[in-house]
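J.: Knowing the structure of chain A, use the given hints to seat chain B on it.
Protein chains: 2
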Amino acid sequence: MFDPLEKLKEYVRQASVSADPQFKDGMVGAQKFVATLLREMGFAVDVIPTELHPVIVGTHGSDPRWPHVIIYGHYDVQPPDPLSEWTTPPFEPVVKQGRIWGRGAADNKGPLMVHLAAVGRLLENNPQLPLRITFVVEGEEEIGSKNFKSFLVKHKERLRGDFVFMSDTGIPNPEQIVITVGLRGLLALEIEAQGARTDLHSGLHGGALMNPIQALAELCASLHTPEGRVNIPGFYDEVCEVEPWEREELRRLGLQEKDYADFLGIETFHVPPGYTPFEAIRYLPTLEFNGIEGGYQGEGTKTVIPSRARVKISCRLVPNQTPESMQEIIFRALRERAPRGVRITITPQHHAAPYVVVPPGRQNTPPDQSPVLARAFRATDRAVAEVFAKPPLYLREGGSVGLIADLKRVLGLDAVMMGLFLPEDNIHAPNESFHLGLMEKGIKVAEKVLMELANPA
Amino acid sequence: MFDPLEKLKEYVRQASVSADPQFKDGMVGAQKFVATLLREMGFAVDVIPTELHPVIVGTHGSDPRWPHVIIYGHYDVQPPDPLSEWTTPPFEPVVKQGRIWGRGAADNKGPLMVHLAAVGRLLENNPQLPLRITFVVEGEEEIGSKNFKSFLVKHKERLRGDFVFMSDTGIPNPEQIVITVGLRGLLALEIEAQGARTDLHSGLHGGALMNPIQALAELCASLHTPEGRVNIPGFYDEVCEVEPWEREELRRLGLQEKDYADFLGIETFHVPPGYTPFEAIRYLPTLEFNGIEGGYQGEGTKTVIPSRARVKISCRLVPNQTPESMQEIIFRALRERAPRGVRITITPQHHAAPYVVVPPGRQNTPPDQSPVLARAFRATDRAVAEVFAKPPLYLREGGSVGLIADLKRVLGLDAVMMGLFLPEDNIHAPNESFHLGLMEKGIKVAEKVLMELANPA
Numbered sequence: 001m002f003d004p005l006e007k008l009k010e011y012v013r014q015a016s017v018s019a020d021p022q023f024k025d026g027m028v029g030a031q032k033f034v035a036t037l038l039r040e041m042g043f044a045v046d047v048i049p050t051e052l053h054p055v056i057v058g059t060h061g062s063d064p065r066w067p068h069v070i071i072y073g074h075y076d077v078q079p080p081d082p083l084s085e086w087t088t089p090p091f092e093p094v095v096k097q098g099r100i101w102g103r104g105a106a107d108n109k110g111p112l113m114v115h116l117a118a119v120g121r122l123l124e125n126n127p128q129l130p131l132r133i134t135f136v137v138e139g140e141e142e143i144g145s146k147n148f149k150s151f152l153v154k155h156k157e158r159l160r161g162d163f164v165f166m167s168d169t170g171i172p173n174p175e176q177i178v179i180t181v182g183l184r185g186l187l188a189l190e191i192e193a194q195g196a197r198t199d200l201h202s203g204l205h206g207g208a209l210m211n212p213i214q215a216l217a218e219l220c221a222s223l224h225t226p227e228g229r230v231n232i233p234g235f236y237d238e239v240c241e242v243e244p245w246e247r248e249e250l251r252r253l254g255l256q257e258k259d260y261a262d263f264l265g266i267e268t269f270h271v272p273p274g275y276t277p278f279e280a281i282r283y284l285p286t287l288e289f290n291g292i293e294g295g296y297q298g299e300g301t302k303t304v305i306p307s308r309a310r311v312k313i314s315c316r317l318v319p320n321q322t323p324e325s326m327q328e329i330i331f332r333a334l335r336e337r338a339p340r341g342v343r344i345t346i347t348p349q350h351h352a353a354p355y356v357v358v359p360p361g362r363q364n365t366p367p368d369q370s371p372v373l374a375r376a377f378r379a380t381d382r383a384v385a386e387v388f389a390k391p392p393l394y395l396r397e398g399g400s401v402g403l404i405a406d407l408k409r410v411l412g413l414d415a416v417m418m419g420l421f422l423p424e425d426n427i428h429a430p431n432e433s434f435h436l437g438l439m440e441k442g443i444k445v446a447e448k449v450l451m452e453l454a455n456p457a
Numbered sequence: 001m002f003d004p005l006e007k008l009k010e011y012v013r014q015a016s017v018s019a020d021p022q023f024k025d026g027m028v029g030a031q032k033f034v035a036t037l038l039r040e041m042g043f044a045v046d047v048i049p050t051e052l053h054p055v056i057v058g059t060h061g062s063d064p065r066w067p068h069v070i071i072y073g074h075y076d077v078q079p080p081d082p083l084s085e086w087t088t089p090p091f092e093p094v095v096k097q098g099r100i101w102g103r104g105a106a107d108n109k110g111p112l113m114v115h116l117a118a119v120g121r122l123l124e125n126n127p128q129l130p131l132r133i134t135f136v137v138e139g140e141e142e143i144g145s146k147n148f149k150s151f152l153v154k155h156k157e158r159l160r161g162d163f164v165f166m167s168d169t170g171i172p173n174p175e176q177i178v179i180t181v182g183l184r185g186l187l188a189l190e191i192e193a194q195g196a197r198t199d200l201h202s203g204l205h206g207g208a209l210m211n212p213i214q215a216l217a218e219l220c221a222s223l224h225t226p227e228g229r230v231n232i233p234g235f236y237d238e239v240c241e242v243e244p245w246e247r248e249e250l251r252r253l254g255l256q257e258k259d260y261a262d263f264l265g266i267e268t269f270h271v272p273p274g275y276t277p278f279e280a281i282r283y284l285p286t287l288e289f290n291g292i293e294g295g296y297q298g299e300g301t302k303t304v305i306p307s308r309a310r311v312k313i314s315c316r317l318v319p320n321q322t323p324e325s326m327q328e329i330i331f332r333a334l335r336e337r338a339p340r341g342v343r344i345t346i347t348p349q350h351h352a353a354p355y356v357v358v359p360p361g362r363q364n365t366p367p368d369q370s371p372v373l374a375r376a377f378r379a380t381d382r383a384v385a386e387v388f389a390k391p392p393l394y395l396r397e398g399g400s401v402g403l404i405a406d407l408k409r410v411l412g413l414d415a416v417m418m419g420l421f422l423p424e425d426n427i428h429a430p431n432e433s434f435h436l437g438l439m440e441k442g443i444k445v446a447e448k449v450l451m452e453l454a455n456p457a
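Protein sequences appear in the order of chains A and B. Numbering (the working numbering) for the first sequence: 1 to 457. Numbering (the working numbering) for the second sequence: 1 to 457.
Only chain A is shown next, with the shape it has when bound in the complex (with noise of 0.2 Å):
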């Protein structure tokens, strides 16, 4: 059995960034790491193009009557901007502090390897293990995922799995291992106002007509209740009822709101009437402007009536909103609501669909749940258990990730998310690192989940 910790820093070592052309060689690097370690592990590998990166798919047993789990990953990082703050360089991998450093270390080359060790292991001790396994590591997670659904799509008869398995969440501390289980989708708009032909002189021509930073204030103005509701028809018809077994697994993660408001560094919450700001950012959908502009934005004083404002708009979504219905309702209540005088333009941006699973002897679990899916839940929480003498939680979370909703709407797998890395991985910024011990108790419970599936009680 190779040794995982040797071998992460091998793939740290490949400057995979898949924002930057430059990093081509660290790509091609990265893929020839995966590829070859799975190869060297048993797996018939392929190396698949897409329209920019390819995504690798290995695969292990073939046996139809087998259960069939895919392991995603991604071998993709961030660029390691800005430089200058890294007290090692970012791709040359440094253990120190229980903890492997490098850019990537956390997301996702550390908890990739966790899985590719457990099943290295596995393998190794149980050459014919009856169970069925499809490596699904991707080159586009950090630029979104672009080309992942049409490969998806492309590959459907390949993928046909019982579930997904993977790391690519996040925990609060080394003791508590959370299981994602739910994400909220994403709907991004633009809204522009567009008043005069140019800017004009506010001495001159003030007081004749729509000034459009006046028009979009209005209009954004109108889409939130004093108590902090989204104030559009129908806006929270499709949202699910929070279970009582949700909020109850909430509070057990112990968050205190003092310490998120100083955190936040803000005096008060600005949450819907009914639930905690922990519970709103994981329950509730959103309408947040992420950016405005319009006229003069430098220093001083500039005496113009902008020709144009622009604001920008997403909304987080949640089960079983669709980003479809919830667009249409959204622009027929801008469009509703246009204040005249300006020209308004609504240009739909990027979406992704709200995603949730309900682990097995939940209040609301479908009653039509895969017992494979439910087999692998029940496995995880027994394993995590053991290892960190500690259950899981089950936990919703507030962002979103577009490709653990395509995988369900393409392929109909649920995803056994099992957090891996911590908020002082610094994942995206400078002086990412990885804890070697979650590494080393990973491996452990993803090795007996597989066995588990393979060899049931």
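If you're looking for bench data, these hints aren't it; they were derived computationally from the structure. Keep in mind the model is a prediction, meaning the values are calculated, not measured. Keep in mind that the hints are not guaranteed to be accurate.
Below, in silico cross-link-like pairs of lysine-lysine (DSSO-like), each with a Cα-Cα straight-line distance of 30 Å or less [said to hold, decoys possible]:
{"id": "1", "chain 1": "B", "residue 1": "Lys-302", "chain 2": "A", "residue 2": "Lys-149"}
{"id": "2", "chain 1": "A", "residue 1": "Lys-24", "chain 2": "B", "residue 2": "Lys-302"}
{"id": "3", "chain 1": "A", "residue 1": "Lys-258", "chain 2": "B", "residue 2": "Lys-302"}
Pulled from the structure, derived: some chain B residues nowhere near chain A, Cβ distances all over 12 Å [to be verified]:
{"id": "4", "residue": "Thr-36"}
{"id": "5", "residue": "Trp-66"}
{"id": "6", "residue": "Arg-121"}
{"id": "7", "residue": "Asn-126"}
{"id": "8", "residue": "Asn-147"}
{"id": "9", "residue": "Ile-329"}
{"id": "10", "residue": "Gln-369"}
{"id": "11", "residue": "Gly-412"}
{"id": "12", "residue": "Glu-440"}
If the Cβ cut is set under 8 Å, some of the chain B residues that face chain A in the computed set are [claimed, not checked]:
{"id": "13", "residue": "Ala-188"}
{"id": "14", "residue": "Pro-277"}
{"id": "15", "residue": "Gly-300"}
Don't be surprised by glycine CBs; every beta carbon is placed ideally from N, CA and C.
T.: Chain B alone, transformed into the frame defined by chain A:
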């Protein structure tokens, strides 16, 4: 007597851009030009330093029983950029198509030359003219006349005149002279909304806190009524009634709403009830948004909750509003309405008082109007009617010229503002020019006015 056109060429050749220290030679050249010409005309001249560019003061006549005219002008010009759009070099004056082309030709070197030439002719023919004349020619008009008020305060005694005669406003066409009898004031401010300590991920935190863009949008949206009035208690309390003669004068200008809408490139006006757009921009105060910015403003989507957002606002004020009392009621309304959950900071920026003067014989002419001012208005009216074969119109304008209000507030002086530049003169733009026919007629008018003041009928 000097040739005004030859002198104007020499004057335009001085590249007197007050905003840019690289044009220091041009500023000094223009100062010397004005001072020398005034001395040649028999004036006692002082070049009085300020914190930045000096003011040239030239006096002629000393008998305290004689009427005292202050003639205002400015020797500084706008920067010539973008240079590539000029068809002839900005500081190499060219005479063609009945115009003189060059930066500052119309703003304000040509119109000042009109007054210089009129006085020159008058004094040549009437060396013993019973009239005191003081030229005040400043060098910071294009950068806000920042040091002009303190100059006025310091030299108050010397500048005790009967009225100000000047030409630094516009007219609609070469046949129609307009006397500007009012200007709006200005009150500028900036509002910043500060939310969380840093920009936040809208997935991880969206729904927990007030978004600063939302807060600003709600605050801004509260500031107007749907029909277009400013929605701040007391905002209109001090606004003068528009007199029927003012409306009538404006109607005689013959502006068409259709033409104005086409010029602006808008489909509908947005004007408070009871006013035409032409009235609203002259007679009503405004609250305009000049700029707004916050969060992500690039292409595409960035799902951020910005830490801060800010908006620039300026109000145009009309008689009898004062910047001081208006600031009080506006700031009070803003503070009362500041949304919870963000910190709102309101920063006052510069301001200027509104100005109005009522020509003699109108409904609301003050009974104690200076007899010399009244004679100056009547003389100007007659002279324009003779020279242009059409009497002038008396109109308020929507812009703000702080120095006019300063002359009134510090020295108690009203101004007879005889417009001389045309829309096609391209002031503040490339290819500025000044109409030579207007120059010659303007000289005749100014000469007649001063002659009549010195020797009342």
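J.: With reference to the structure, classify each hint as holding or not holding.
T.: So, going through the hints one by one against the coordinates:
no., hint, verdict
1, B:Lys-302 with A:Lys-149, "21 Å, holds"
2, A:Lys-24 with B:Lys-302, "25 Å, holds"
3, A:Lys-258 with B:Lys-302, "28 Å, holds"
4, Thr-36, "35 Å, holds"
5, Trp-66, "37 Å, holds"
6, Arg-121, "34 Å, holds"
7, Asn-126, "40 Å, holds"
8, Asn-147, "17 Å, holds"
9, Ile-329, "19 Å, holds"
10, Gln-369, "26 Å, holds"
11, Gly-412, "25 Å, holds"
12, Glu-440, "28 Å, holds"
13, Ala-188, "4 Å, holds"
14, Pro-277, "4 Å, holds"
15, Gly-300, "7 Å, holds"
The structure fails none of the hints (numbered hints given earlier).
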